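Chemist: So the protein sequences, as listed, match chains Y and G.
Here the first sequence is numbered in our numbering, starting from 233 and rising by one per residue.
Here the second sequence is numbered in our numbering, starting from -4 and rising by one per residue.
No lab work stands behind these hints, which were simulated from the structure alone.
A hint or two may mislead.
Partial selection, computed: residues in chain Y whose CB lies under 10 Å from chain G [to be verified]:
#1 Arg282
#2 Met283
#3 Ala325
#4 Ser329
#5 Gly331
Since this is a predicted model, take the numbers as computed values, not measurements.
Even for Gly, the Cβ is constructed at its ideal location relative to N, Cα and C.
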Amino acid sequence: MVESGKYWIIAAMGVAAVLVPLSLMIFSGMLQRIRIRPSTPADQEPRFMRMTYESGMVPTGEANVQFNFRFYLFALLFVIFDVEVIFLLPWAARFLSLGWVAFIGMAIFLILVLVGFLYEWKKEALEWQK
Amino acid sequence: MIAELTREFLENYLSTDLVDVAMPLLGLFIVVNVLLGSAVMLTYAERRLVARMQNRIGPNRVGPFGLLQGVADLMKLVLKEDLTPRSADRLVFLIAPILFFAPAIALFAVVPFFDGWTVADLDAGIVYVIAVTSISSLAAFAAGWASNNKYSLYGAVRGVAQLVSYEVPLILAVTSVVVLAGSLNLQEIVEAQGIPFVLVQPLGFLIMLIAVTAELNRTPFDINEAESEIVAGFHTEYTGTKFALIYGAEYVAALGWSAVIVTLFFAGWKPDLGGVIWFGLKTSAIVFLFFWFRGTWPRVRIDQMLALAWKVLFPLATVNILVTAGEVLAMQALFSLEPGEALPTAALAVIAVINIGLTVVTLALLGRVPGLAKFDKQLAVPAEARA
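With the rest of the complex left out, here is chain Y (with noise of 0.2 Å):
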C-alpha cells in the first residue's frame, strides 16, 4: 500500500510513460543531424513530397470538415453513463460492509437508468440508420 507522500512514483511513472517515446524521438532526430538518417532539403522537395494521402490522387479540399452527428450522440450517451459509474464504483468498493439498504438504493437507481435507457433505445437513438 502506497502511504501518502509517496505518491511521487505514479508521477516518476508518468515521466517515465513521456520520456520512452520523446527519446526515441529525439534520437532519430540525432541520426538526422549526424546524416545517417535522410532528410529532403526544402527547396529540392518533389512537388507531391508532403501531400496528405489520398489514393495517390492530388487531395481535394480540406480534411477539417463538418461531421456526421451520428457520432456526436453516441459520445453524449457515453458522458451520461460515465457519470453514472463514478457514483458506482464507491459503492462498489464498500459493498461487502453496506448491506441491503445500499443494495435497493442502488437497484433503485440502476432501474431508473435502464428505463432512461430504454426510452433511447425506444426513440431509435441508439440506431445508425433511422
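Given chain Y, put chain G in place with the hints provided.
Modeler: Showing chain G alone in chain Y's frame:
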C-alpha cells in the same frame, strides 16, 4: 526475495532514505525496459502466429527463426526520413504519438507482478487503470485530426465513437469484480480470489474480453484503422519513428490490458510459483487470445459494433452487477458473515456455480430476445443496400 537481496546490496552503499527512493525507481526501470523488449518481440510473435493460422510461414530470415525481425523493423523505422504533411497541424501531429504511447506504459504502474510487489500499490488502482487508458482515445483523435487527411479523420471519429462506447460495459464489468473483492486495489483483488473470478464472473469476463478487444482496436473491432476501406485510419500519415511509436504502443497496450484481465479474472500471480513467471505465462496466454481473434474473425461494421456495445453488453453488464450484489448479500446471510468480512472460498464456489449456470442460460437466450432479434435482422441487410 530478489527485492530484499537488492535492498541489502544497495544499503551497503546508500543511506536508508535513498534506498527507499531507489528501490521503486529500480523497479520502474526494470518494468519499462521489459515492456519495450516485449513490445518489439510481440510484433514478431503476432506476425509469426497469424502467418501460421493463415497457412503461411511468416518472417523467418532475420536471426534464428526470424527472432530479430522486430529489432530490424525498429531500426528501419528509426532510420527513415521524417515526413510531416504540409497541411498538417505540426504540433499536434508531433505530440499525438507520444500521447498514444505514454498511457500504455503508465498503465503498468499499478499491475501487481508478484506477491506484494507493484511499482505503485495504489488504493484506487482500478480507477487509475480506467483513467490512464482513456487517454489513448484522445491521442487517436488528435492523430487523425492533425493529419488533415480525410481517411485519418474518418478513422479518428470512428475510433472515438468505438472507444467511448466500449468503455461503459468495460467499467461495469470491472465493477462487478470490485463488488466481489470489496476493494479497488489490484493487489487486494488478487488476494480476494480464492478461486479465479473467471469462474465466479464468467459473464463479466466475456464482457470485459470483448470490450478490451474494442479498446485495443484489434480485429474484429479494428474499423478505425481498417486497411481495406480507409487506408490505415488515424495513422495513415505517420511514417518513420512516429509510426513505430504508434505501432509499438498498440502492443504495449495489448500487454497492459492482458495483465489487467489476468489480475481481475485469473487470480494474477496466484498460485505463487516462483515470482513473475506464472503471471507472465497467463498474460501471454491472453495476448495470444487477441492474436487468435485476429486470425479467426472478419471485421464488423461500425453500426454493428456500436449496437453490440449499447444494446447487448451494456444491459447485460448492468444486470450482472445487480445479480452479483444480490448473490453477495445471500452469501453473507448463508455463511452468517460479519459486514465487511471478505467472502470465503466456499461462498465464492457457490456463486460460481450459480453464475456459470446463469451465463449459459443468458447466452442461449440472447438470440431470442425480441429487440435483439430485430437488431439481428437489420444487420442481415447492409445499410448501404437499403438506402
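Chemist: Hints first: check each against the structure and report whether it holds.
Modeler: Here is what the structure says about each hint:
Taking 10 Å as the C-beta cut-off, the interface hint given for Y:Arg282 holds, the closest approach to chain G being about 4 Å. Here the hint on Y:Met283 is kept, as its CB sits about 6 Å from the closest CB of chain G, short of 10 Å. Taking 10 Å as the C-beta cut-off, the interface hint given for Y:Ala325 holds, the closest approach to chain G being about 5 Å. Checking Y:Ser329 against chain G: minimum C-beta separation of about 3 Å stays under 10 Å; hint holds.
With its C-beta approaching chain G no nearer than about 6 Å, Y:Gly331 sits inside the 10 Å limit, and its interface hint holds.
Violated hints are absent here; each numbered hint is respected by the structure.
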